[in-house]
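Engineer: Guided by the hints, dock chain B onto chain A, whose structure is given.
Here the protein sequences line up with chains A and B, keeping their order.
Read in my numbering, the first sequence has 391 at position 391, and its numbers run on one by one without any break.
Read in my numbering, the second sequence has 232 at position 232, and its numbers run on one by one without any break.
None of these hints come from the bench; they were simulated from the model.
In this text, a Cβ means the ideal position worked out from N, Cα and C, and glycines have one as well.
Please note that a few of the clues may not be correct.
[What the hints assert, rightly or not] Chain B is nowhere near these chain A residues, computed Cβ spacing over 12 Å in every case: (1) N16; (2) T329; (3) D375; (4) Q406; (5) V526; (6) D543; (7) N633.
[Said to hold, decoys possible] Each computed DSS-like pair below joins lysine-lysine, with the alpha-carbon atoms no more than 25 Å apart: (8) K619(A) <-> K69(B); (9) K645(A) <-> K645(B); (10) K645(B) <-> K621(A); (11) K645(B) <-> K599(A).
There are 2 protein chains.
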Amino acid sequence: MNPNSFTKPLDIRQVNIRDAFWGAYQKRVIEQVIPYQWDALNDRIPDAEKSYCMQNFRIASGKEQGEFKGFVFQDSDFAKWIEAVAYALTIKPDPELEKIADEAIDLVVSAQQPDGYLDTYYIINGLDKRFTNLKDNHELYVFGHMLEGAIAYFESTGKDKLLQAMIRFTACVSANFGPEEGKLKGYPGHEVAEMALMRLYEVTKNEEHLKLAKYFVDQRGQFPLYFEEETKKHGNKFWWADSPFKFQYYQAGKPVREQMEAQGHAVRAVYLYSGMADVARVTGDEGLYQATKRLWDSIVSRRMYITGGIGSTHYGESFTFDYDLPNDTVYAETCASIGLVFFARRMLEIAPDTKVADVMEKALYNGIISGMGMDGSSFFYVNPLEVVPQACREDHLKTHVRPQRQKWFGCACCPPNLARLVTSLGTYAYTASKDTLYLHLYVGSDVNTNLNGEKFKISVASKFPWYGDAEINVETAGQAKIALRVPGWCRTYKIKINGQDIQPEVKDGYALISREWTAGDKVGVVFNMPVTLMAANPAVREDAGKLAVTRGPVVYCLEEKDNGTDLHMLRLNPEAVFNELFRPDLLEGVMTLETQGEKLEKDCPNDVLYHPVSEEHFKKKKLHFIPYYAWANRGEGEMCVWVRKS
Amino acid sequence: MNPNSFTKPLDIRQVNIRDAFWGAYQKRVIEQVIPYQWDALNDRIPDAEKSYCMQNFRIASGKEQGEFKGFVFQDSDFAKWIEAVAYALTIKPDPELEKIADEAIDLVVSAQQPDGYLDTYYIINGLDKRFTNLKDNHELYVFGHMLEGAIAYFESTGKDKLLQAMIRFTACVSANFGPEEGKLKGYPGHEVAEMALMRLYEVTKNEEHLKLAKYFVDQRGQFPLYFEEETKKHGNKFWWADSPFKFQYYQAGKPVREQMEAQGHAVRAVYLYSGMADVARVTGDEGLYQATKRLWDSIVSRRMYITGGIGSTHYGESFTFDYDLPNDTVYAETCASIGLVFFARRMLEIAPDTKVADVMEKALYNGIISGMGMDGSSFFYVNPLEVVPQACREDHLKTHVRPQRQKWFGCACCPPNLARLVTSLGTYAYTASKDTLYLHLYVGSDVNTNLNGEKFKISVASKFPWYGDAEINVETAGQAKIALRVPGWCRTYKIKINGQDIQPEVKDGYALISREWTAGDKVGVVFNMPVTLMAANPAVREDAGKLAVTRGPVVYCLEEKDNGTDLHMLRLNPEAVFNELFRPDLLEGVMTLETQGEKLEKDCPNDVLYHPVSEEHFKKKKLHFIPYYAWANRGEGEMCVWVRKS
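Isolated chain A (complex conformation) (with noise of 0.2 Å):
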């Protein structure tokens, strides 16, 4: 770990997006994602399943009777969705919408207690049972995401009262956990109040709130385990005794350090790689920085999709093994690719290295944004890379698989993730040293930074994901340098300036340009796209003589709709020339690509199910690909990503 590599990302209000294809996005979350849940959080949408999230604090705040519903996070919904309203509100200034997020704070500030705890499940159902099973009760889940929503909706509006009152509870906590005699030895059974207090000390600079972040992050997993010594004291079910990963379900059966795989929940464990890289790179601690290292790796080389998702089976929506990806059985909800987009803006804050930018790419481009729906209003938490329809309603094993996006869940972490993500794209794109601007996802924007000290402006036009095109403006003279990712993806690319090529030295993956800038220069790139047809890992058994057909980030797949049925019965040549045209008529404009494959008629009578193998006869079959995060959004119908090698 070098400081000197270190980078940060942008403020929020110093990007703003212009982006053809995340701007769409950025709409659907703004105009209907987060209205939405606001109508959900106050239980206003008939038929679908009550949340009961804002009448839990009005009954906590005692401006109500009744009981706590729903489930035991149920506070953290309005916390992402604070969140993502202050995202938005960088991006469309809406006073109206404000007003209700000050209303909302409000409330939700008048249910916190005198010592600042606030958690409406414990504050209506008894105080006294605080604390008792951070396990499974999701009390420092509930906190950490608080403090996102009211850090974001701080830096957006400068509004500080949900700021304010959430460093209260920060103190609570730091009151109740911590090394010192007296205080609990535990941490969250759900990370992600780790990145949080980690992004609060950016904000606070308060050594008591890296302290509790950097113990939460110690503390984990050391012996005796927490969650053991908590589950006997307290009489708590232990869900996971029977699973294969016990404690390392919630990644706490040994110190983080001693982690070499990633293992259990996937959202939770990249939740807390996150929070593990963030205190590395404030703390310098070397050691937690091999770590996180080492578990990076595990994942992008061994335990991922080729879509970014993540977590091989719905038990425990866990990871499994290495080299283990059923693409019909999988999970890879999306809140775990989002996760997975924190964990690499860490590692690039760390060490810029293009193969983390092109996971988190990849990740944004297809296991992502396949979890809503082109509605804006359906999404999916399990993102597969191969549908049976049939399959899903008679095969308990792939039933948590749905051929079709749901309009909303009663545990809707993955909408809410989504809308928070999308709106704060910006703060991923970009992350800058002191005289470095790095660019690691191509897309539309304006931005408005310093680099050495000196102002620095920019805007970038791009033509992804279709087209390897983007052009940076650059608004402002000045010696700065801009760091441009080359990914991963391409094999052949150009670089100008004004016009002229230039050759551009590359380090971790990054063409440097440094250069005494005069406002009105141009950097022109061009990322060469071609189809490139991929195939996994021998060692990836459910892959094994398949290929994926990708274009630039972007991953494709087969759908009925456009293939007919029996899609394993379809093979593709390796050697396949494809067709590309871009439909902007279809799916919101997405690039097509189509090749002559072939499919294989029936080399026996349908009444037998075994046959002495015979040669097996395929005929010539034009087959349609189209972007895989656009699947199921014309009908039920088979899907697959991977397609039998001819």
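Structural biologist: Coordinates of chain B only, in the frame set by chain A:
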């Protein structure tokens, strides 16, 4: 259904098995399984889950004080044991064993209630609760198994104490169930009583016994659904409310004649279908026969593994949907394949058809005996076609699949079921009509029966399953017809009488030889048994692009022990030529197959999970196949039946 085609199984005492292959299994069952099981029933096995079976009988009969323990169907373990004992005594008289059995029967019968009722769970827990949860409490399942045991013991030893007790129990059940007013309109939750009652009827010719069997079959799934009503009335839990099959888990969601597909728990299903076939035959019910034919076809044409395994999923140990035959998450319970043999024999009783007998043979030589280890004391419930041991430990979807046979089971259904099947094999190998003896299986044996009212005696010598040679020595003179099954796996064969080639008429797949026999006549058959590579119907997604190696009735597999790890990286050419080598030293003597195959050389650095497709490089590698049934006898390792095709 044509009564002229009806055949009957031979009396078990009419067939004396002398077969190298099956004799070894019978020996293992007689010398190891039966004594072991008796110890198990009496809780004398250290470190094993206790059975409590005989203890429950002691408590129920007032000889001891205590509570009922073990599974609700624990009595059936005795029932299956006594049935296997009965058959064992016909194979090898054993006065000591018979004395133990007689005493056990004394104890069991001493628990019988004045009205004939005999189920220790309810005798101990309160007879007022009897018949209140037919759906799940296995009361009529215990009844059915006890009936089968009683009949077998009577037929084998001539002793009718248990039989008489069970006739009284049958009267008790008849008094409680039936169309008459005041009687319950129920039927077994787990089927078996249907075929057991039909077997009782064959012995007693008591119409009440036929009537009860027919009632259980006809009433099943009639509306209002008895199990739904019972659940409501007694506040029972309905485990499968959220399942795709609901009451079809019990084959009780619609009348049996309207059941178009094999559904629900696979063992229950084939037990029911067996009873349906019996009732159809005896009552001449063509509609019911058509239903059994449809269900047979549903299984063997669309829902059966190549090993004769059935039940595609652990969830509900059940069928899923057509062509859904995953090899690694499979259930394929040993008992289900045994039940398939029961079903097959009953279909053969209605109309001999070698296609049906082929399935019986397939199940016997593969998915059934795979259930027992070479040590005779370890057993599989689940018979997978693909195993990676790590997945069995770390992927929850596969933890029901064991890479090694287990010593015994708390729910010990499979080992005793295997024991009773193997010891009664003679009743499956042959059936006879008035004038024809059908040889469905080629098993070395002496057969001593009657045709056309005359003694007909043959001895069969067989080299099955390793060679397709068998010789039938006719030991009595007179007119008689034998029907020799021409196996479906055989394309060319020769039949000789006394050394002279003959070309007999073939009907329904059986070569018919009708003549005036002279004692000493010899019929020689040679069924050519080349290695045959099989493909699955293209609709079977999981076997796409793969081959299975078979030879005669035996399905082969690759084991890690012989072929190293990463079996999925191996490929087999459809034109491959095999060396056949019988290895008497290996796995109690097996025909091994060896061929030149190939193995993928890793075509990417180990740490790359996805990479642009490049030409795959395969290096030559000898592939060593062993019979599937013999897998997992040489330590833990990978195994697969289906191999990628090159």
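Engineer: Look at each hint and say if it fits the structure.
Structural biologist: Each hint tested on the structure:
no. : hint                : result
1   : N16                 : holds (34 Å)
2   : T329                : violated (6 Å)
3   : D375                : holds (28 Å)
4   : Q406                : holds (16 Å)
5   : V526                : holds (20 Å)
6   : D543                : violated (9 Å)
7   : N633                : holds (24 Å)
8   : K619(A) <-> K69(B)  : violated (62 Å)
9   : K645(A) <-> K645(B) : holds (12 Å)
10  : K645(B) <-> K621(A) : holds (22 Å)
11  : K645(B) <-> K599(A) : holds (17 Å)
Consistency note: the structure conflicts with the earlier hints numbered 2, 6, 8.
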